[in-house]
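Visitor: Chain residues, written in single-letter form:
Protein chains: 2
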Amino acid sequence: MNEKNYCVILAGGLGTRLWPMSREKQPKQFIDVLGTGRTLIQDTYERFARIIPTENIIIVTNEKYRRLVREQIPDISENNVLVEPMRRNTVPAVIWAALEVIRRQPDGRLIVSPSDQNISNIEAFEADVLRGLDYVGDNEVLLTMGAKPSRAETSYGYIQMAHHIPGTHDIYKVQSFTEKPAAEFAKIFYESGEFLWNTGLFLWSAETFIRAVVNVSAEMKTIVGSVVSGYRNGENVSDLLLELFAKSPNMTLEQSVLEKSDNVDVKLCHFGWADLGTWQAVHDILPQSDMGNVVIDSKSLLYDCKDCIIKLPEGHVAVVQGLEDYVIVEDDNVLVICRKGDQKNIRKFVNDAQLNLGEEYV
Amino acid sequence: MNEKNYCVILAGGLGTRLWPMSREKQPKQFIDVLGTGRTLIQDTYERFARIIPTENIIIVTNEKYRRLVREQIPDISENNVLVEPMRRNTVPAVIWAALEVIRRQPDGRLIVSPSDQNISNIEAFEADVLRGLDYVGDNEVLLTMGAKPSRAETSYGYIQMAHHIPGTHDIYKVQSFTEKPAAEFAKIFYESGEFLWNTGLFLWSAETFIRAVVNVSAEMKTIVGSVVSGYRNGENVSDLLLELFAKSPNMTLEQSVLEKSDNVDVKLCHFGWADLGTWQAVHDILPQSDMGNVVIDSKSLLYDCKDCIIKLPEGHVAVVQGLEDYVIVEDDNVLVICRKGDQKNIRKFVNDAQLNLGEEYV
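Taken in order, these protein sequences are the chains called P and E. With the numbering used here applied, the first sequence has no gaps in its numbers, which climb one by one up to 1473 at the end. With the numbering used here applied, the second sequence has no gaps in its numbers, which climb one by one up to 1473 at the end.
Some clues are possibly wrong.
It does not matter which identical chain is meant; a pair holds if it fits inside one copy or across any two.
[What the hints assert, rightly or not] Only pairs whose alpha carbons sit at most 25 angstroms apart, straight line, appear in this in silico BS3-like list of lysine-lysine:
| no. | residue 1 | residue 2 |
| --- | --- | --- |
| 1 | K1417 | K1451 |
| 2 | K1259 | K1332 |
| 3 | K1291 | K1136 |
| 4 | K1410 | K1451 |
| 5 | K1410 | K1455 |
No lab work stands behind these hints: they were computed from the structure.
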């Protein structure tokens, strides 16, 4: 394995849209969402451990989940678990991880990965990741990974491709990024053939990324400079990191860095990618009955039901009649029965539950 | 209190239509269905204990529920709990209870009552019961109690009134009994003004009832005769009772005795009666939200829901979207989500669960 290759797994999120299974005290990445016997972060870690030296796999998480990370990934060394000083968007976490990589390996390159994805073709994934890491090792480029859309999905972000980069294996210049689009735009994107799903997998050399960050923000330039010299002088940088997080804009990586840089490419990938962000997504990747129903982990009797997803505590039984396109999920003290298609539902429910019922339900 | 008055509470049923709350190991009569802090049988017992000497209140139940009866009605003496030798329709249970009353008080009169009813006007109920007991003490009549229908209910039986009995307080000769009718008949019954809901409350002197039983069946005549003489001679009658149960036709009291007798009257009652046989019935008697939803014992967040009934284990929360006229009930290891209006549903679900999933879910 190439010792210059690093992996940064982002595992600090709340996974709200998979409530009530995903809870504040144990978000989805720490749950066996698919009923495979392994949690999502375990799957993610193992996927990378096949191609990247385990001492180079770094997990960024929240203080609340430090224990869960250690329990679920017992092999990981304490030094490779970066605990965010506060909950922020992913930008400061990715900056910190890149600085950490530079500290260990000045010409290291890394892949940034969410901890809640499903990859169906592992061999294709490994090949694409390794090719991508080689590419960003050789070129001063911020490389994203795009999956060919199979439907006009509205819960994913999109990347528009510009021209093919000569001499590369399916790598294109990026024309634009789009956040989750409205249905009519999703349809246009899907049909145009120019747009790829944004997998949220990013590859770059740590140095290229840090250069991009300091180029787009004078404030970040100052803070990053301080952290780098703090590292160099062997100082305790925790106050500086706190400042890095506190001052980071509450924007996505795409908005704050990639859209403002001109060296961003996208690699067209074919490894069967799905983001397990919503119940719809979980439904879509699991085996379905003739009627399109998915039942995870529990027994059930379904009458006149179609395209539903059902997950109850183990040993429980669901008897359901006459529902189509519904989510039926129970976990601990919360039962949710709601329409599956409406993406914004669950966030609203969680907010209402927190406000009206109490923290113990969130 | 009149020491000739007896009460027989029937508490051996399974309450299948309130599954999964009502379970084989603890049927609905032993459950606080309405969230009042008292079980249905406790309510029933206390209602009668106000007007009938407690030493004259007899409970007939199944061996499986003997312990539940003693736990929930700790005041009752062991002699007043009759344990059916086998599960049968109510006929042999009522015969046995009548014979037991005769043994104690040859001219005793009694009211037979289910253990799962809701009575909203207790004073009216007490007055009607006492007047009825007086009436059957003075007249050799089998008296039923009928409630004025408030809707074209299809889950209740109906009693058709014939002429008024002169000199009585709202007592009529019975024209006919009808089991749960189809919707079109229920509508005609309701609109005609001639039909009352059959409350399942029956009053008679024990002797009048036994005479009716032996009149309609030669086989019953023989068995009943044997039990009576067994009692008279102080013998152990348990084998005879077993025979009584085994040979009783699997029919209702109405079919096997009342419809075949010509001395059957009905008293029109106004005490706010409801049979808690179905989730629809439970829904109808409990306080409803503006949208017609009823939530028992649990917290909930309902979005775009109408006329639903929800009951979860205590401390649990239901978040439900977009359901109308649904039952959402969870108990122990079973969650049922089904249409509320369809009466035959739940029996089918229970059968399927027993067959396909196992006894532990029934």
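Visitor: Hint by hint, note whether the structure agrees.
Guide: Hint check:
no. : hint           : verdict
1   : K1417 to K1451 : both (11 angstroms within a copy, 19 angstroms between copies)
2   : K1259 to K1332 : neither (35 angstroms within a copy, 83 angstroms between copies)
3   : K1291 to K1136 : neither (27 angstroms within a copy, 51 angstroms between copies)
4   : K1410 to K1451 : both (20 angstroms within a copy, 22 angstroms between copies)
5   : K1410 to K1455 : between (28 angstroms within a copy, 22 angstroms between copies)
In summary, the numbered hints that this structure violates are 2, 3.
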